[in-house]
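As you go down the protein sequences, you meet chains A and B in turn. Okay, so the first sequence: first residue is 1 according to this note's numbering, each after it adds one. Okay, so the second sequence: first residue is 1001 according to this note's numbering, each after it adds one.
No lab work stands behind these hints, which were simulated from the structure alone. Fair warning: there could be bad hints in the mix.
As the list claims (entries may be wrong) - If you only want the chain B side, here are some residues facing chain A, beta carbon under 7 angstroms, derived: (1) Phe1146; (2) Ile1252; (3) Leu1257; (4) Ala1275; (5) Val1301.
What the hints assert, rightly or not - For lysine to aspartate or glutamate, the following DMTMM-like pairs were computed, each having C-alpha atoms within a straight-line distance of at most 25 angstroms: (6) Lys1048/B x Asp1033/B; (7) Lys1048/B x Glu1064/B; (8) Lys134/A x Asp1059/B; (9) Lys134/A x Asp110/A; (10) Lys1048/B x Glu1277/B; (11) Lys134/A x Glu1207/B; (12) Lys1220/B x Glu1207/B; (13) Lys134/A x Glu1041/B; (14) Lys134/A x Glu1064/B; (15) Lys1048/B x Asp1059/B.
Said to hold, decoys possible - Residues of chain A clear of chain B, computed beta-carbon distances all greater than 10 angstroms: (16) Ala18; (17) Gly34; (18) Ala41; (19) Gly53; (20) Arg70; (21) Leu128; (22) Gly153; (23) Gly157; (24) Ala166; (25) Ser173; (26) Leu203; (27) Pro218; (28) Ser227; (29) Ile247; (30) Asp263.
Beta carbons are placed, not taken as given, at the ideal position from N, Cα and C, and that holds for glycine.
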Amino acid sequence: MSALRLNPRIALAGSALALLAAAAALAPWLAPAGPLEMGPALLAGPSPAHPLGTDSLGRDTLARLLFGARVSLLVAVGSVAIASTGGTLLGVAGATYRGAVEWTAMRAMDLILAFPPILLAIAAVTFLGQGLAKLAAIIGILYLPTFARLAYGGALGVAGREYVEAARALGASTWQQMARHVLPNIAGPLIVQCSLSAGFALLVESGLSFLGLGILPPAPTWGRMVSESRNYMQQEPMLLVWPSLAIAAAIGAFNMLGDGLRDALDPRTAGGLRRAPAGVLPAPAPTTVSGGGG
Amino acid sequence: MGAYVLRRLIAAAAMTAAIATAVFLLLRAVPGDVVVVMLGENAASPDKIAAMRHALGLDRPLLEQYAAWLAHLARGDFGTSILSGRSIGAELAVRVPRSLELGVFALAAAVLLGIPLGTLAARRAGRPLDLAITGVSVLGLTFPSFVVGSVFVLVFGLVLHWFPATGYVAFSDDPLGHVRHLVLPALTLALTFAPVVLRMTRAGMLETLSQDFVRTARAKGLAERAVMVRHVLRNSLIPVITVLGLQAGELIGRIVLIEYIFNWPGVSSLLLAGAFERDYPLVQAVVVVVAAAFVLINLLVDLAYMLVDPRIRLA
Chain A
1 MSALRLNPRI ALAGSALALL AAAAALAPWL APAGPLEMGP ALLAGPSPAH
51 PLGTDSLGRD TLARLLFGAR VSLLVAVGSV AIASTGGTLL GVAGATYRGA
101 VEWTAMRAMD LILAFPPILL AIAAVTFLGQ GLAKLAAIIG ILYLPTFARL
151 AYGGALGVAG REYVEAARAL GASTWQQMAR HVLPNIAGPL IVQCSLSAGF
201 ALLVESGLSF LGLGILPPAP TWGRMVSESR NYMQQEPMLL VWPSLAIAAA
251 IGAFNMLGDG LRDALDPRTA GGLRRAPAGV LPAPAPTTVS GGGG
Chain B
1001 MGAYVLRRLI AAAAMTAAIA TAVFLLLRAV PGDVVVVMLG ENAASPDKIA
1051 AMRHALGLDR PLLEQYAAWL AHLARGDFGT SILSGRSIGA ELAVRVPRSL
1101 ELGVFALAAA VLLGIPLGTL AARRAGRPLD LAITGVSVLG LTFPSFVVGS
1151 VFVLVFGLVL HWFPATGYVA FSDDPLGHVR HLVLPALTLA LTFAPVVLRM
1201 TRAGMLETLS QDFVRTARAK GLAERAVMVR HVLRNSLIPV ITVLGLQAGE
1251 LIGRIVLIEY IFNWPGVSSL LLAGAFERDY PLVQAVVVVV AAAFVLINLL
1301 VDLAYMLVDP RIRLA
């Protein structure tokens, strides 16, 4: 773990995300007012009662930002959980059983990738309906192929290695081989992808919210706040600025965390073997997830 | 080479058929009774429900519906919008060129910005100029297109009045006005896409610069300009083309948002109107058309790639 802690990008992005998660979790206690509570002061600037001012309906901007963080983070984390679990299972199953399982799983992934992501999300929301869990599931499906392909490629590469063969020879069942020997060795890129996908998921969620196709109003979301601010942005531009900064900060943190994790987990970038010519050095197989950082 | 092209063509056709099937099945995924959802709980009298069910062909057997759906699509018949009662095909014929125009101009601007800046950054790798260029490009990747678009509407449209904030004027009515309306949406789209081109160009250039053939070219006394253009840039652009193809889906998604922000009457206003009003046939038609266009773009990218890279042509 020491390699992870030494990486400044992981530390910075990780603490930013931890702060964001804490703010979202503590929203009911931190918020100066309820996120739907309408006050008498419309489009007001910062004041002790409303540190970031109010919107056109007199609702507190800070409260809406804090409660919006809940939606964005829940959808991002939920969709990544769905995509990473489902995708890894599909990819590893495809690489293990080959044949019809492999063909069906990978062609299904091709089909998902054949749709532009936002278009598929809009179509799915239209037909399946709006809601937090549905939104997470829909966005999760968008990123399923990324994980399935990563896991599939990784598992195919690892399956032929001697240590897996040794485990097989010792009588390990297929699932034991997978869980004990294959998964830990392909986990690095999958973990990196989790962080990057969370950023994308947040982008898609806020985009759908902006279009009015996210979770149902009047629940506050960052994308909806950007959208609502557009009618009043000449009078009160900060209404546009705050949710925009929140979205950008969260996406930036997820991306930075992903990049940092990639550097820390990829033995080629972390171990100084940056441009080893193919075939000269065997690709080093990290023994544990964090062991590649050395 | 012929076999490769044929293989790609067959794969693209199969994918288009799979897309049409998936979109057909979407209507069956609607929770509850589709027709009641479309008409709204209150407005749904038994007569209306029966009439709508018949109009949508939902009273026929599933396989017959599926066969009819494919047959209509194959003939370019996309049905009628429940909302407007107009032919969806006719609507698309008017709107597709507008979206295409926006996308092509944005893509061109992104390439014209991204490749020179990426080249510059690679040649000054690690120096202040490189850090400045890559730093700004990270901002472009972090701020969503709808945020950048909203800021542009505010700053360049509403405050500075340099360009019309939103809207559309037909080229035939007012050529200059048309272009003035195009600037902000195209620029927004280009600025969110240029960083991707820039980063790929920079990475590709750095990779190529360290190759042996570049050293050879320099060693034989070739002018630096010739080394850069003939050897380095040409070899670096192959991954850029690939990424442009991979990012086409991203670009299409962003066009939806940008058209919405700037009231550009392209395909997305049709899609969004359908999504809001639960006009299922309209949404189905738009999704099939756009996804098929996406398959076509990927096919063209693959073929372009083959022309650029002889290794694929010969494989």
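Hints violated by the structure (numbers, ascending)
Hints 5, 8, 11, 14, 21, 26, 28 and 29 contradicted; others consistent.
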